[in-house]
Amino acid sequence: MIRKLHCMLRLQSGITQTLYRHRAPTILTRNYATDEANRNADDKNGNNAKRTSKSLPAVRNPFGAAQEKTKNSYLAMVEIFEERDVHRRNHVEFIYAALKHMPDFGVEHDLEVYKALINVMPKGKFIPTNVFQSEFMHYPKQQQCIIDLLEQMEDFGVMPDYEMEAMLLNVFGKKGHPLRKYWRMMYWMPKFKNLSPWPLPDQVPDDTLEVAKLAVERMCTVDLRSKVDVFETKELEDSLDDTWIVSGMSVEQSKLLKEHSPQKALYIEGPFHIWIRNRRINYFTLRADADAEFLAQLDERQLDDDDVSQIGVPFFGRAPPRRHNQLGKVRSVHQQDDGTIFAICATGTSTKDSLLSWIRLLELHGLASFDQIPVLFRFKSVVPAKAEEIAGPAVPSSDIDASLHSHKEHT
Amino acid sequence: MRYSLLSRAVKLLNENHSRRGQILLTRSSSNKARSELNAQHAGQQQEEVTKAAEETGKLPAREPLAKNFFVGLTDRELLGYPEVIPRDEMANLQNALLPLNNYFAEEQQQEQETQLKQLGLYGLNVPTDYEGRGYKWSASLMASEPEAQHTSLALGLQTHRVVVDLLCELGSLEQQERYLPQLASGQLVASEAILEYTPPEDDFFATQAQYDADRRCWLLTGEKAFVLTAPAGQRQLFLVLAQTQQPNVPGTLGRSSTIFLVDSQQQGVRLGEAHETFGCQAASMRRIHFDQVQLTEEQLLGLPHEGNRYAEQLVRSSRLRGSLTGIVLAKRLLQQLASFSVDTQQCGVQLKDLELTRVQLSQATCSIYAMESMLYMTAGLLDEFAGQDVTLESSITKYYTLQQLYTIASQSLTLLGPQSLHRGQFWEQGLRDAAQLCTQGESLSTLSLFIALTGLQHAGQQMNEGVRKSRNPLYNPGHIFGKFLSTNTLEQPKTRMLLAENLHPTLESAAQCIEHSVARLHMAVDLMFTKHGNAVVERQHEMQRLANIVSTIYAMWSSVARASRSYCIGLPLADHEMLTASAICTQGRDDVLRLATEIYSGNYVNNDNNLLRLASQVTKSKGYFAVHPLTFNF
Chain A
1 MIRKLHCMLR
11 LQSGITQTLY
21 RHRAPTILTR
31 NYATDEANRN
41 ADDKNGNNAK
51 RTSKSLPAVR
61 NPFGAAQEKT
71 KNSYLAMVEI
81 FEERDVHRRN
91 HVEFIYAALK
101 HMPDFGVEHD
111 LEVYKALINV
121 MPKGKFIPTN
131 VFQSEFMHYP
141 KQQQCIIDLL
151 EQMEDFGVMP
161 DYEMEAMLLN
171 VFGKKGHPLR
181 KYWRMMYWMP
191 KFKNLSPWPL
201 PDQVPDDTLE
211 VAKLAVERMC
221 TVDLRSKVDV
231 FETKELEDSL
241 DDTWIVSGMS
251 VEQSKLLKEH
261 SPQKALYIEG
271 PFHIWIRNRR
281 INYFTLRADA
291 DAEFLAQLDE
301 RQLDDDDVSQ
311 IGVPFFGRAP
321 PRRHNQLGKV
331 RSVHQQDDGT
341 IFAICATGTS
351 TKDSLLSWIR
361 LLELHGLASF
371 DQIPVLFRFK
381 SVVPAKAEEI
391 AGPAVPSSDI
401 DASLHSHKEH
411 T
Chain B
1 MRYSLLSRAV
11 KLLNENHSRR
21 GQILLTRSSS
31 NKARSELNAQ
41 HAGQQQEEVT
51 KAAEETGKLP
61 AREPLAKNFF
71 VGLTDRELLG
81 YPEVIPRDEM
91 ANLQNALLPL
101 NNYFAEEQQQ
111 EQETQLKQLG
121 LYGLNVPTDY
131 EGRGYKWSAS
141 LMASEPEAQH
151 TSLALGLQTH
161 RVVVDLLCEL
171 GSLEQQERYL
181 PQLASGQLVA
191 SEAILEYTPP
201 EDDFFATQAQ
211 YDADRRCWLL
221 TGEKAFVLTA
231 PAGQRQLFLV
241 LAQTQQPNVP
251 GTLGRSSTIF
261 LVDSQQQGVR
271 LGEAHETFGC
281 QAASMRRIHF
291 DQVQLTEEQL
301 LGLPHEGNRY
311 AEQLVRSSRL
321 RGSLTGIVLA
331 KRLLQQLASF
341 SVDTQQCGVQ
351 LKDLELTRVQ
361 LSQATCSIYA
371 MESMLYMTAG
381 LLDEFAGQDV
391 TLESSITKYY
401 TLQQLYTIAS
411 QSLTLLGPQS
421 LHRGQFWEQG
431 LRDAAQLCTQ
441 GESLSTLSLF
451 IALTGLQHAG
461 QQMNEGVRKS
471 RNPLYNPGHI
481 FGKFLSTNTL
491 EQPKTRMLLA
501 ENLHPTLESA
511 AQCIEHSVAR
521 LHMAVDLMFT
531 KHGNAVVERQ
541 HEMQRLANIV
551 STIYAMWSSV
561 ARASRSYCIG
571 LPLADHEMLT
581 ASAICTQGRD
591 DVLRLATEIY
601 SGNYVNNDNN
611 LLRLASQVTK
621 SKGYFAVHPL
631 TFNF
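For the record, the sequence lines run as chains A and B. Sequential numbering from 1 applies to the first sequence in the UniProt record's numbering. Sequential numbering from 1 applies to the second sequence in the UniProt record's numbering.
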């Protein structure tokens, strides 16, 4: 009740006020937004409009006009609609409108809200009483409406529960099409729910740093010995940006970097994109061109598979040989054909300065040493505005080496 | 029998200086013709060996026994159990062992050190020229049986003897003169220092030695762990394996290891912390630190940078001597178990009458019988033939012994119940010691891989041609058709080894079991080569199966040989020995068939594929990955 009152007070102070029903008692007087306001809201959420592009009947839509877009106000509006009159006229249109505006209120992942919408439907009225009714979609408009609601749940990955089954049963009976849809959903959705090899926490954190950590951790699963560090550029005296750096590197990569010839340059490449749910994180790689000589050596060493006369036996409990390392090394997962990747990072600003800080911090924390090795920037896509600001306007945003001579003189 | 007959023949031949005769003896009758190159090489080798044999009074070496199992060959002659200690020497030996037996039966603990020295335990295997007893392999193993009643004590003596063995084999004359008399008297106690606490990721050892060309000496730096040390005040000699870099060979190719003899009283040698061990607590194991220890060239054993080549001799000795400790412990466990089951009554039934107890006791007996036969058979081969290759036999002996020892020690817990693990109880001590022995030196899984790889190495050299043909069927249709047409199956292999001819007729079915098992091993090896080529070294689970197969076969082989000898000369309870050998063979045949079938059916049928897939998830999740069984999903 408190929730409702609160919401009503808010609505009272709306800009444009139109009376919706003349016979509504004063306490239940509501102000619904004009269509103009609705249009504005539609423009803002172009995507949503496209998805639920069914032509809506000309019913005034309270959701577009609501000033406080929270779950509480949303539920209050649903409750008001329920209590408005016994017939609940236009409830299908109301549900469609409610569905459309869910993302505005940030409730599109909330099961409780969907249940509240289903609860708007009258109980018992739509239950078919004979075979023909049940097979020929009794009350098709209403059934289709709830099917669309379920469809939207599915699209947003909201899994129904058993209470919803009971509600649907009360509204449409056990032969109802929404219930069939529900059952199909309950078959597939649990199976897909945990299928991701890189599951995200149930509530993906909102903080960009946390999301960046998640992203780097996920990319680092390629090598189980990887370690993800979070650095603060504050640690360095001469860094311009004050930001964080999430850096992922493994022991193996440190070793590869140690063995890297100082004659060959290292490149910081990026930004590349990784999507964590609906958030995009830019990340950069520290890489060098593939060590063609070493890879060729490995190829050479792929001796004749058929020759079994040269099997080596290890000594003193040493690890038993693998085919390719009988003489030396195996190829690490970081040594790809198109380059060797030494580390990845995501920074708070994605600027050149923060990347330079990254290199220095790696050195500071003893993860790598870059003496003598030239480190070049190579920005592949649109450089963030700030990067241009720092590095000067001459930075080309193309595939060319960004600053061929910006190597270790900086540090 | 064979000993006297053949040695007389050798003498005759030697007198005549008949080259043909030598070759006649050295070529084993059951060998297939090899490729020309191999034959030439082998011929040269055998000439050398024959010369060595003449010098030491031993017979020329035969083809390796267990290695040849991998190629489906057997040496029937070796079914005669070796009698390497002549009758008169055996009587002397037994007389000499009397005081040892008495001493260890009485359990005197005070002034143990001096007692051990007086009993001459430190010099059992030192040659008589250097004031030792001069026992050979079999005799010195027999002589160390009494002391093995005290596992901790035996560990210390064992490592001492291993160093002595190596010194006798590799040491120069000066080194032998310098060290052996002191080692024999116990003034100097030797110990191996090979293992390290944290071995480096891609080197042999973290302990490094560098040659200083100006001062003509080596500088040793690093630390070794798990070194058995004598009580304080005792001078010690450490046999240290250190990593060295070959001069003029850069990088990983020049990486090698070298064996050094380091005196504990030298500058820079420091005893570190003691390890608190799980079992064998009376033996003190410590770390040893070497800080720029200067070593002269006389302290280098063998040639520099050849440590890996000598490693085989080193581990052979420690494997054999280690097995003996295990066998004696297993015997003691069985003895206690037997008397416990006789003495205990539960609900009016004696424990010994329960079928479960009886099966358990017999299984333990069978394994002990097999391990004992294997040990003395291997030692006998070493004593009888000059330069005989027993790499595989010695590692199998250790592998089988320790595996079975741990089984016996842990299975007795089920029989005894909770009282078995009371602190200070015999059983608790036995289990602890068994576990300790299992971790001593090399782990059992690496040992099993060593066994399989050694066998595959040998087999690969001999089967290379055939494998190449099988792997390229379209180029060699004849070879493949021949394979298709052969009626040899895993269940019913065709063999013509005629092993039964060299055994007592009662053991004919046992001999049949061995023949079939050897044939199955050969077929499994052939299949693995054909399937994987030289990637076979990555198939570790299959290799472990191979190791188990060949261990079982060698256990069957030596038990049958021993039982046949015992029965023919009528030793006490020889009929039960026959029964034991038959039991081992029957059990062994089934085990081998099961393992070979697993190899034959491939990784999709034998579950390997599932296990490997699971493992990658376990490492990804860094442990157990399944959620709680009562978790809800919605």
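A few of these clues could be false.
Stated by the list, open to error - Per label pair, the in silico range of CB-to-CB distance:
#	chain 1	residue 1	chain 2	residue 2	range
1	B	Lys620	A	Thr70	51 to 57 Å
2	B	Gln115	A	Val333	56 to 62 Å
3	A	Lys264	B	Gly482	50 to 56 Å
4	B	Thr439	A	Trp183	31 to 37 Å
5	A	Pro103	B	Gln617	55 to 61 Å
Worth flagging that the hints you see were computed from the coordinates, not collected in a lab. None of the values given here were measured: they were computed from a predicted structure. Glycine included, C-beta positions come from ideal geometry on N, C-alpha and C.
Tested hints:
1. B:Lys620 to A:Thr70: 51 to 57 Å: With Cβ atoms ~40 Å apart, the hint is violated.
2. B:Gln115 to A:Val333: 56 to 62 Å: 60 Å, holds
3. A:Lys264 to B:Gly482: 50 to 56 Å: The hint (50 to 56 Å, Cβ to Cβ) holds, given that lysine 264 (chain A) and glycine 482 (chain B) are roughly 55 Å apart.
4. B:Thr439 to A:Trp183: 31 to 37 Å: 58 Å, violated
5. A:Pro103 to B:Gln617: 55 to 61 Å: 36 Å, violated
Of the numbered hints stated above, those contradicted by the structure are hints 1, 4, 5, listed in ascending order.
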